[in-house]
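Colleague: Take these sequences, add in the hints, and give me the full structure.
So the protein lines, in turn, are chains A and B.
Per this note's numbering, residue 1 is the first one in the first sequence, and the count goes up by one each step.
Per this note's numbering, residue 303 is the first one in the second sequence, and the count goes up by one each step.
Calculated from the structure, these hints are not laboratory results.
C-beta atoms are modelled at their ideal positions from N, C-alpha and C, and glycine is treated no differently.
Mixed in with the good hints, there may be bad ones.
Stated by the list, open to error - BS3-like mimics (lysine-lysine), calculated; alpha carbons at most 27 Å apart, straight line:
no.: 1; chain 1: B; residue 1: Lys444; chain 2: A; residue 2: Lys286
no.: 2; chain 1: B; residue 1: Lys444; chain 2: B; residue 2: Lys495
no.: 3; chain 1: B; residue 1: Lys444; chain 2: B; residue 2: Lys469
no.: 4; chain 1: B; residue 1: Lys471; chain 2: B; residue 2: Lys422
no.: 5; chain 1: B; residue 1: Lys422; chain 2: A; residue 2: Lys286
no.: 6; chain 1: B; residue 1: Lys469; chain 2: B; residue 2: Lys495
Unchecked claim - Here chain B is said to cover these stretches of chain A; the calculated rule only asks that three of the stretch's residues, wherever they fall, bring their Cβ under 8 Å from a Cβ of chain B:
no.: 7; region: 184–194
no.: 8; region: 204–210
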Amino acid sequence: MSSTTPPTATGMGKTDRFDPSIAHLTHVPRRHYGRWIASVLLLAAFALIVKAFAEGQIDWAVVGQFFTAQSIISGLGNTIIMTICAMALGIALGVLFAIMVMSPNPVLKGVAVFYIWFFRGTPLLLQLLIWFNLALVFPRIGIPGLFEARMVDVMTPFVATLLGLGINQGAYTAEVVRSGILSVDAGQTEAAKAIGMTRLTTLRRIVLPQAMRVIIPPVGNEVISMVKLTSIASVIGFAEVLRNAQTVYYANARVIELLIVSAGWYLIIVTILSIAQHFLERYFAKGSGRRSRPAARPAVEG
Amino acid sequence: MMPIVVAADVRKAFGTVQALDGVSIEIPAGQVHCIVGPSGSGKSTLLRCINQLERIDSGAIWVDGELIGYRRVGDKLYELTDAEIARQRLTSGMVFQRFNLFQHMTALENIIEGPVTVQKRRRNEAIGEAMALLERVGLSAKRDAYPSELSGGQQQRVAIARALAMKPKLMLFDEPTSALDPELVGEVLAVMKDLARSGMTMIVVTHELGFAREVANEVVFMDRGAIVELGSPQEVLVHPTQQRTRDFIAAVLA
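Modeller: This is the structure we're talking about:
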């Protein structure tokens with residue numbers, strides 16, 4: 001196929017099979033023509049797409065003008081705040097329910113299993129609508145004698161979104177945390193008990209820090225999904241970045257330009273988060289080097 | 303001398319397997335006891351019951367004069383709380399077959415974890431004592447190494463230092479050299495011999511009959527959940543009276 005094929009390749013006679021004199025010959029790497037062809041085709045396709053968008057009916061000046069518009073930036077702020085709050089709620093509930101699922105108490109375990117079943121089993125959009133319309137079920141909310149309020153005043157778009165996203169997230173995070181806890185060797189818990197730690201201290205000091213190595217990558221992915229999931233809250237009127245972009249294009253009809261503005265911001269946030277995730281994973285990987293692991297013999301019962 | 307461990311008719315079953323079938327023993331303070339016996343004889347289970355890593359089904363165990371795991375009220379024994387059991391475990395230090403060093407902590411952090419987190423001692427003071435312990439097990443240079451960077455023998459020596467840092471009255475060793483490559487066994491046994499010479503009370507579950515003969519004050523031979531023979535190393539390992547003991551020693555030395 002190529003001219004670099006050594007002419008003696010077919011002559012595998014007894015004499016040149018072990019011919020030490022070829023040891024000084026230059027090694028020529030194989031040519032990967034297929035890779036070159038695939039790369040050229042892909043680059044050409046990409047150039048065509050870029051050209052199409054550049055010549056299409058997109059007013060890039062409008063994109064630039066609205067990229068830092070006050071309404072978009074405030075929407076961006078709400079998106080970020082909601083991501084942080086919903087994720088914090090989700091992780092807190094996730095840890096709590098993971099511990100409950102693993103509890104020997106059948107009632108605690110049952111409640112946690114039900115929670116995970118219910119919130120993983122219904123669409124997020126539907127859960128958001130239920131939270132937002134809770135006033136139809138409970139017009140008033142409160143603890144008798146302490147405080148009372150109208151549900152419509154309490155269940156603002158922010159609160160409904162926070163509860164919807166956070167509680168739904170908790171059901172997924174619970175499973176992630178549970179698998180993280182299960183990944184920690186039982187010997188770690190025994191060693192912690194042997195130096196007099198209580199169950200809670202063992203969890204906090206020994207098990208969870210090691211479970212983090214397994215938990216961080218999927219939770220990092222979930223934070224990234226959460227950034228984008230907050231856009232669902234636009235349907236119940238929460239003023240996040242997509243909702244505000246829509247409000248602008250309802251007024252000026254620059255639909256694609258404003259959607260591009262939103263897409264740009266989502267990409268920026270997700271890029272920053274991906275970098276942060278990389279460093280977080282590196283931090284929690286400490287002590288997990290693969291060198292000289294203890295001999296993996298089965299624990300012998302003597 | 304007051305016994306450090308007393309067990310009275312201790313029974314423990316795992317499903318249908320009777321791991322301990324009525325074990326009674328008194329272990330005096332300041333001595334080294336080696337428990338030997340075939341796999342599944344209940345020797346590790348007995349050790350784990352002394353440290354309450356296993357709950358006993360019936361019988362009673364006293365450690366350092368205190369009934370463990372239960373409080374007697376009238377003619378009933380009531381199970382203690384998690385915190386009370388944790389406090390009772392402080393009397394003894396435990397060394398495991400598979401080391402079980404905390405993987406996310408350096409050697410030094412492993413050793414000071416108990417003193418600082420459990421005993422609420424000052425960090426600087428704990429570090430000072432931990433460094434002395436690392437010196438004693440010959441690993442001062444490895445203070446900042448993670449367990450994954452240490453050989454099995456080094457990990458086990460750190461594990462011994464971690465147990466000693468709690469200043470226990472009694473050290474329990476659960477087959478401390480069984481998971482080690484043969485050339486690393488010696489360094490761990492040397493640390494244990496040094497510990498025995500210093501007068502530490504030790505209960506050692508082991509297959510190292512040479513170590514038992516050299517270091518133990520008493521050797522306990524267990525089989526099928528019961529103590530078959532108990533006495534000096536000379537009596538049990540050299541002139542056993544029971545056929546089962548003779549068979550076991552012949553099998554190990556073969």
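Colleague: Against each hint, give a clear statement of whether it holds in the structure.
Modeller: To see whether the hints hold, each was checked on the structure:
no. : hint                 : verdict
1   : Lys444/B to Lys286/A : 16 Å, holds
2   : Lys444/B to Lys495/B : 22 Å, holds
3   : Lys444/B to Lys469/B : 22 Å, holds
4   : Lys471/B to Lys422/B : 19 Å, holds
5   : Lys422/B to Lys286/A : 25 Å, holds
6   : Lys469/B to Lys495/B : 18 Å, holds
7   : 184–194              : holds (count 8)
8   : 204–210              : holds (count 4)
Of the hints listed earlier, there is not a single one the structure fails to meet.
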